[in-house]
Amino acid sequence: MAEVLVYVDHVDGAVRKPTLELLTLARRVGEPVAVHLGPGADSAAAVLAEHGAVKVLTADASEFADYLVVPKVDALEAAYQAVSPAAVLVPSSAEGKEIAARLAVRIGSGIITDAVDLESGDEGPVATQSVFAAAFTTKSRVSKGTPVITVKPNSAAPEAAPAAGTVEQLSVSFGEKSTGTKVVSRTPRESTGRPELTEAAIVVSGGRGVNGAENFHVIEELADSLGAAVGASRAAVDAGWYPHSNQVGQTGKSVSPQLYIASGISGAIQHRAGMQTSKTIVAINKDAEAPIFDLVDYGVVGDLFEVVPQLTEEVKSRKG
Amino acid sequence: MSLRIVVCVKYVPDATGDRHFAEDLTTDRDAVDGLLSELDEYAVEQALQIADEADDAEITVLTVGPEDAKDALRKALSMGADKAVHVEDDDLHGTDALGTSVVLTKAIEHIGYDLVVCGMASTDGTMGVLPAILAERLGVPQVTLLSEVSVEDGKVTGRRDGDTATEQLEAALPAVVSVTDQSGEARYPSFKGIMAAKKKPVESLDLSDLGIEAGEVGLEGAWTKVDDASPRPPRTAGTIVKDEGEGGKQLAEFLAGQKFV
Ligand SMILES: Cc1cc2nc3c(=O)[nH]c(=O)nc-3n(C[C@H](O)[C@H](O)[C@H](O)COP(=O)(O)OP(=O)(O)OC[C@H]3O[C@@H](n4cnc5c(N)ncnc54)[C@H](O)[C@@H]3O)c2cc1C
Ligand SMILES: Nc1ncnc2c1ncn2[C@@H]1O[C@H](COP(=O)(O)O)[C@@H](O)[C@H]1O
Numbered sequence: 001m002a003e004v005l006v007y008v009d010h011v012d013g014a015v016r017k018p019t020l021e022l023l024t025l026a027r028r029v030g031e032p033v034a035v036h037l038g039p040g041a042d043s044a045a046a047v048l049a050e051h052g053a054v055k056v057l058t059a060d061a062s063e064f065a066d067y068l069v070v071p072k073v074d075a076l077e078a079a080y081q082a083v084s085p086a087a088v089l090v091p092s093s094a095e096g097k098e099i100a101a102r103l104a105v106r107i108g109s110g111i112i113t114d115a116v117d118l119e120s121g122d123e124g125p126v127a128t129q130s131v132f133a134a135a136f137t138t139k140s141r142v143s144k145g146t147p148v149i150t151v152k153p154n155s156a157a158p159e160a161a162p163a164a165g166t167v168e169q170l171s172v173s174f175g176e177k178s179t180g181t182k183v184v185s186r187t188p189r190e191s192t193g194r195p196e197l198t199e200a201a202i203v204v205s206g207g208r209g210v211n212g213a214e215n216f217h218v219i220e221e222l223a224d225s226l227g228a229a230v231g232a233s234r235a236a237v238d239a240g241w242y243p244h245s246n247q248v249g250q251t252g253k254s255v256s257p258q259l260y261i262a263s264g265i266s267g268a269i270q271h272r273a274g275m276q277t278s279k280t281i282v283a284i285n286k287d288a289e290a291p292i293f294d295l296v297d298y299g300v301v302g303d304l305f306e307v308v309p310q311l312t313e314e315v316k317s318r319k320g
Numbered sequence: 001m002s003l004r005i006v007v008c009v010k011y012v013p014d015a016t017g018d019r020h021f022a023e024d025l026t027t028d029r030d031a032v033d034g035l036l037s038e039l040d041e042y043a044v045e046q047a048l049q050i051a052d053e054a055d056d057a058e059i060t061v062l063t064v065g066p067e068d069a070k071d072a073l074r075k076a077l078s079m080g081a082d083k084a085v086h087v088e089d090d091d092l093h094g095t096d097a098l099g100t101s102v103v104l105t106k107a108i109e110h111i112g113y114d115l116v117v118c119g120m121a122s123t124d125g126t127m128g129v130l131p132a133i134l135a136e137r138l139g140v141p142q143v144t145l146l147s148e149v150s151v152e153d154g155k156v157t158g159r160r161d162g163d164t165a166t167e168q169l170e171a172a173l174p175a176v177v178s179v180t181d182q183s184g185e186a187r188y189p190s191f192k193g194i195m196a197a198k199k200k201p202v203e204s205l206d207l208s209d210l211g212i213e214a215g216e217v218g219l220e221g222a223w224t225k226v227d228d229a230s231p232r233p234p235r236t237a238g239t240i241v242k243d244e245g246e247g248g249k250q251l252a253e254f255l256a257g258q259k260f261v
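Going down the list, the sequences are from chains V and W. Using UniProt numbering, the first residue of the first sequence is number 1, and each one after it goes up by one. Using UniProt numbering, the first residue of the second sequence is number 1, and each one after it goes up by one.
Errors might be hidden in some of the hints.
Cβ pair distances, simulated, as ranges [what the hints assert, rightly or not]: (1) V:Gln81 to W:Thr16: 39 to 47 Å; (2) W:Lys199 to V:Glu196: 35 to 43 Å; (3) W:Ser204 to V:Glu289: 42 to 50 Å; (4) W:Asp227 to V:Ala157: 21 to 29 Å.
Under the rule of at most 25 Å between Cα atoms (straight-line distance), these lysine to any residue pairs were calculated in the SDA-like manner [said to hold, decoys possible]: (5) V:Lys17 to W:Asp161; (6) V:Lys279 to W:Gly125; (7) V:Lys182 to W:Gly184; (8) W:Lys225 to V:Glu123; (9) W:Lys259 to V:Asp297.
Honestly, the hints are just simulated from the structure, not real lab data. Note that the Cβ used here is the ideal one computed from N, Cα and C, for glycine as well.
Please build the complete structure, drawing on both the sequences and the hints.
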């Protein structure tokens, strides 16, 4: 069976969940070969093998952290040359898309971004995308070169499928352009202890209706009772009530959880673009005409300051 | 020496309209009114601010798109850009991201540049990959997804808020940057700006002007193929209750029924 390159997204060797989903999808198209750049390959390899990586190609160099994007493209290109894969899959993070796009240019291939599903087809992998703020579902394929496809988080459930996961050193020679953009400093985001927004099974979001940073604890308490991530609309972020890293929507994060709870959010098209593919959608809004109610499985017309705390209490008492 | 800035702007169907696909599965540009992509207004704004700080700068706005795309250029000119270049050709119909990047690259080289400024993503395609691709093709640094940007002494610096960290970036000019909607509100064109824009030069180019063969772009030349586009099935109407004091409990009941609690 042909090999498929899977770009590993990790933090110091802790593999992020979308990569495990990618391995699951990759197995539909070929044998996954993981590409792990930077530190922690040994601890990552065990997890990657557990999820189906037949091989783990790894390279570590200071360039990956010190310069933006291009060194990683050089390395992925080296892996491509070494393996001649049937496809290259990359997680759809902002950086992942940039890496994938530059690789596609170099190897003369087409690129599909933000796939939400992947199947094998007669003419190569077929990617499902959700477009125009999820109003349409498309099926596309790459018609020139080796398909390069980026896949959104939560596109598949990670499955265990133990494979060899043999670690091999990848030799990379960095091009002269690789040091063009220097990363002068890096400040890691502080962890909130809550699940990662894009990976969470449940997301609880607040909007303009929350009416102040000091009220967001109402949203956070519901989130914590459900073990959920916290999201926010752009109106809440622009008002300075919640960090931009929690924004859901076209210019924030795109989420696709099992359950999405929107409180005090009207449901503008740009917000819907980032959450409409959620499996179950619930909204609390005092305006019965709010467009968010067109999307919901269950909606409560009411004041969020009444409904949400009651819901939180009820969830806590049911969970015991 | 003058700082030559090229801002790439896209003319897109209004996202609040009912966007569709045409029969050949390309974006239907007739069904919905078009406009300058809101996310590219931020690029124009940052270019204007960078130009203000420079001793001498000239801003060219560039678009690849159908005839109506001139509207997007006019808007950018009325915000304060100096001149515009419109690449327009019937053979461009159906061009995908990689094809567009070939055309933009040639046009940027034709114009001459020290700095290329893009939006973070187009509001219709939402790929967010063109700035990186342009940097690759032009062979210059990419300094992308900036929420803060400045240019000084032949260097561009900026802040990139990533998934796991915030990074401070630096590169020498010439370079390609893209800016996010966190970079600062875009100005509204003033009446004076709108009047002045009418007199600003708009250069039209076609593929042969840029030395591009028709087969390299368009639907036939595309690197990707859309085989199917179907409207998302409408969601089955949900249950909506009015809170009469028990709304939170009712909701909990629903969530328990769905095994979330
Ligand atoms: C290019 C572009 C990109 C954008 N990107 C994004 C994006 O990524 N994410 C995003 O969210 N938006 C985005 N927007 C903005 C979007 O258009 C909306 O302005 C925004 O989503 C509105 O946020 P909201 O629903 O919180 O506020 P509003 O639309 O003001 O809605 C607030 C809602 O709260 C309800 N409410 C008020 N008080 C209460 C209460 N006590 N109890 C219950 N309900 C209450 C109101 O009835 C109302 O429906 C973008 C816009 C543009 C142009
Ligand atoms: N047809 C186009 N003409 C000019 N600029 C474009 C065009 N398409 C995309 N761009 C630029 O590239 C950015 C990212 O677009 P995309 O990768 O398509 O999401 C946009 O914000 C624009 O700055």
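Here is how each hint holds up against the structure:
Taking the beta carbon of each, Gln81 (chain V) and Thr16 (chain W) are about 46 Å apart, inside 39 to 47 Å as hinted. With their beta carbons about 52 Å apart, Lys199 (chain W) and Glu196 (chain V) fall outside the hinted range of 35 to 43 Å. In this structure the supplied range 42 to 50 Å holds for Ser204 (chain W) paired with Glu289 (chain V), their Cβ-Cβ distance being about 46 Å. In this structure the supplied range 21 to 29 Å holds for Asp227 (chain W) paired with Ala157 (chain V), their Cβ-Cβ distance being about 25 Å.
Of the supplied pair hints, the one linking Lys17 (chain V) and Asp161 (chain W) holds, its CA atoms being roughly 21 Å apart against a limit of 25 Å. The straight-line distance between the Cα atoms of Lys279 (chain V) and Gly125 (chain W) is roughly 23 Å, inside the 25 Å bound, and the hint therefore holds. Between Lys182 (chain V) and Gly184 (chain W), the direct Cα distance comes to roughly 24 Å. Compliance with the 25 Å bound is thereby established for this hinted pair. Simply put, Lys225 (chain W) and Glu123 (chain V) have alpha-carbon atoms about 11 Å apart, close enough for the 25 Å limit, and the pair holds.
Between Lys259 (chain W) and Asp297 (chain V) the CA atoms are separated by roughly 14 Å; this keeps the pair inside 25 Å, and the hint holds.
Consistency with the previously given hints fails for number 2 only.
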